[in-house]
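*Asks:* Mind docking chain A on chain C? Use the hints.
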Amino acid sequence: MVLSLAQGLLVSTEIFAFTLLFALPLGLLIAFGRMSKIGLVRQIFRIYISIMRGTPLMLQLFFFYFGPYYLLGIPLNKLGLFGVEYRFISVIIGFSLNYAAYFAEIYRAGIESIPVGQYEASSVLGLSKSQTFFLIIFPQVVKRIIPPVTNEVITLVKDTSLAFALSVMEMFTIAKMEAAAHTTMVPFIVAGIFYYIFNFIVAWAMERLEKSLNYYR
Amino acid sequence: MGGQILTISHAAKAFGGNEVLKDISLGVSKGDVLAIIGPSGSGKSTLLRCATLLETFDSGTMRYGDLAVIEDGRYAPNDVLHQVRSRFGLVFQNFNLFPHLSALDNITLALRRVQGKGRAEAESIASGLLERMGLAGREGAYPCELSGGQQQRVSIARALALRPQILFFDEPTSALDPELTGEILKVIRDLAAIHMTMVIVTHEIGFARNVADRVIFMAGGVIVEEGRPEDVIDNPSNDRTRAFLRNLDRK
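Line by line, the protein sequences give chains C and A.
Per the numbering used here, the very first residue in the first sequence carries number 95; after that it's consecutive.
Per the numbering used here, the very first residue in the second sequence carries number 40; after that it's consecutive.
Just chain C, same shape as in the assembly (with noise of 0.2 Å):
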């Protein structure tokens, strides 16, 4: 049983670490769209912003997983990309769409946050947009986000238990088959036990990350 859970914690893992590949860039570029000085790019990505935290993440998987059928008609087991089922695939598109929405939030506060003398000493340096956004603005937004980029990659790994609503076989689907297999609790608290563990590794390299970069105020 605790092998077929480390099995599922191994599908989890890859939920949470894909997400994370796609979402953090992708939410730096919507974050760029959410600030963009065109007001018809700036509503768009609002919007956008505005539907992915507005509504379930669970809906927005099923969203993902049914809608080619759905909506285009091309059967599902026509999807799948390098061996991998569209299942997962949607799951990963579904997690990074949704996550991408709140970390462009985050990076938005974090760049707005920094004054103004910052990209004015740039300019009369003669740095180039992006020079300075690469070399001086984003290392210290990297720096102020740290705290709530934390908070959601915890959330990220409690919620990739949602995956279970698609039937994925990551950490939850299979403890809810082995307690009803079984017809014991023990599967849900060792579960429980691994998510801890998942989270308390997370948040020790976040602070380890925070501490690294505490040389400078």
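Note that these hints are calculated values from the structure, not bench results.
Each residue gets a CB set at the ideal place from its N, CA and C atoms; glycine is no exception.
You may find that some hints are simply not true.
What the hints assert, rightly or not - Pair ranges (Cβ atoms, derived):
hint	chain 1	residue 1	chain 2	residue 2	range
1	C	Glu301	A	Gly221	39 to 47 Å
2	A	Gly55	C	Phe176	52 to 60 Å
3	A	Ala159	C	Ile295	36 to 44 Å
4	A	Ala159	C	Asn245	40 to 48 Å
5	C	Ile291	A	Ser163	50 to 58 Å
6	C	Trp298	A	Gly155	35 to 43 Å
*Replies:* Showing chain A alone in chain C's frame:
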């Protein structure tokens, strides 16, 4: 006299309906030390920000030597503006050092990324300047580990590193504790002694008289009076200048 480094003629600027600069004309020649004084809201900081391309004039003409930044209200294309930025430096009131970079890296950043110098060359320039600023050995210090006066000296070094033809100071001592202003004023005095071309917006009237060879008094968006410091400060001919200086004396 190496000709005019900066020429501004008939420049104006308004924020909304509020005219902050009206028909400003001035010239700065090589080796000039020009002090701009005046009450807050007189437009002197805006003038400095327009001269350093942080704000734009609405109309008028400004040129840096042979490069026209704005001609009869029309700004030059970006590549010209980029070239112009290499001709001046600006020292801010609140330093605006990059907090995540050491003193050394604050100075080498633009040397390497804008001027394309190698690390070794950039670092030797930066170390030399820090030493000149009395900060030898503080290369690795982060801005938060330095006093206000030390931070301002790093920011002066950062501006000097790019070898600007003209250096602007925007109230360089206003954010400092009174006991720290002296060290900055000394640095500026030393720069004047080696004929660095400078334009200094300042509230330190005594310092302006002492270091500048020309003083401009601004009020209400216009240049009210301009001349040698002994004339403008000691024997102002204009009522507004007199009123401003009298007020300062009382404080």
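*Asks:* Each hint should be assessed against the structure and marked as holding or not.
*Replies:* A quick look at each hint next to the structure:
no. : hint                            : result
1   : Glu301/C / Gly221/A: 39 to 47 Å : 43 Å, holds
2   : Gly55/A / Phe176/C: 52 to 60 Å  : 58 Å, holds
3   : Ala159/A / Ile295/C: 36 to 44 Å : 42 Å, holds
4   : Ala159/A / Asn245/C: 40 to 48 Å : 44 Å, holds
5   : Ile291/C / Ser163/A: 50 to 58 Å : 51 Å, holds
6   : Trp298/C / Gly155/A: 35 to 43 Å : 42 Å, holds
In this structure, none of the earlier numbered hints is contradicted; all agree with it.
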